[in-house]
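Novice: Sequences listed follow chains L and B, in order.
Everything in the first sequence is counted per this note's numbering, starting at 9 for the first residue and increasing by one.
Everything in the second sequence is counted per this note's numbering, starting at 9 for the first residue and increasing by one.
The set of hints was computed from the structure by calculation and includes no laboratory data.
A hint or two may mislead.
Stated by the list, open to error - Chain L is faced by these chain B residues, among others (derived, beta-carbon under 10 Å):
no., residue
1, ARG15
2, ILE62
3, ASN85
Stated by the list, open to error - Covered by chain B, per the in silico footprint, the following chain L stretches (three or more residues, Cβ under 8 Å):
no., stretch
4, 12-25
5, 47-56
6, 61-68
7, 119-131
What you are looking at is a predicted structure, and each value in this text was computed from that prediction instead of being measured.
Where is the CB? At the ideal position from N, CA and C, for every residue including glycine.
Residue strings, one per chain:
Number of protein chains: 2
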Amino acid sequence: METYEVRAIGVVRSALRELEDAPRQADEGAPEAELVFDQQFAAALEGIKAGDAIELLTWLHQADRDTLQTRPRGDANRPMTGVFATRSPDRPNPIGLHTVTVLEAAPGTLRVSGLEAIDGTPVIDVKISLGSPDVR
Amino acid sequence: METYEVRAIGVVRSALRELEDAPRQADEGAPEAELVFDQQFAAALEGIKAGDAIELLTWLHQADRDTLQTRPRGDANRPMTGVFATRSPDRPNPIGLHTVTVLEAAPGTLRVSGLEAIDGTPVIDVKISLGSPDVR
């Protein structure tokens, strides 16, 4: 199969330092975080403002790419399940998908609401969340 | 900045053959499509069933990675906007994010509802859509 090169465009700055401190999902107590972008991509942020919902894509650099099945949420009572049927970070391409709200937008940085990714996680993409067709 | 290697895990099979035939978003008339996975990743699909909503990530292989700003929806009346504030396929890491419903799940393949990606688009990840916390 083909391979492609993903480039880090920025990094997560968070009080969460270790994986074991991170909640499994954002709505399970994740803190605010700052997204710091490489200067060369600052122009691509223009138009994002406080209050916007965005889809944040990260590269979960500590994940295991060889895992194909897992027990959801590490629960020994649940059956082995394909990782594509879960939100496990362990998967062939360990891309994190986080829907967050922008709290503050400054040149080259965004402060966002509840993010479960740890400090140092590479940012690889940002997309505005899709509104209804009449506001696209 | 760091770079990472993304591997195609499968491919989109669709009646949409050319970019100019594709709607801009799934709910703007996109057809059903089939996702055909490489055999080595079939085990990672176990647990996905008809009716599930999934987040499909693709590699938009025809996109322009040097574009930082664009006019949303190609509309000349709209101001130049950072690509991260849009859903433009043209962006530094051209990852497509599609929320689709599984119509049929068979070993190594998924048939899904409205997908605006064209035939031949590489698939790079699948995640179950997040339900409420009590059903995760």
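Novice: Compare the structure with the hints numbered earlier in the document and write down the numbers of the violated ones, lowest to highest.
Specialist: Per hint list: 3 and 7 violated.
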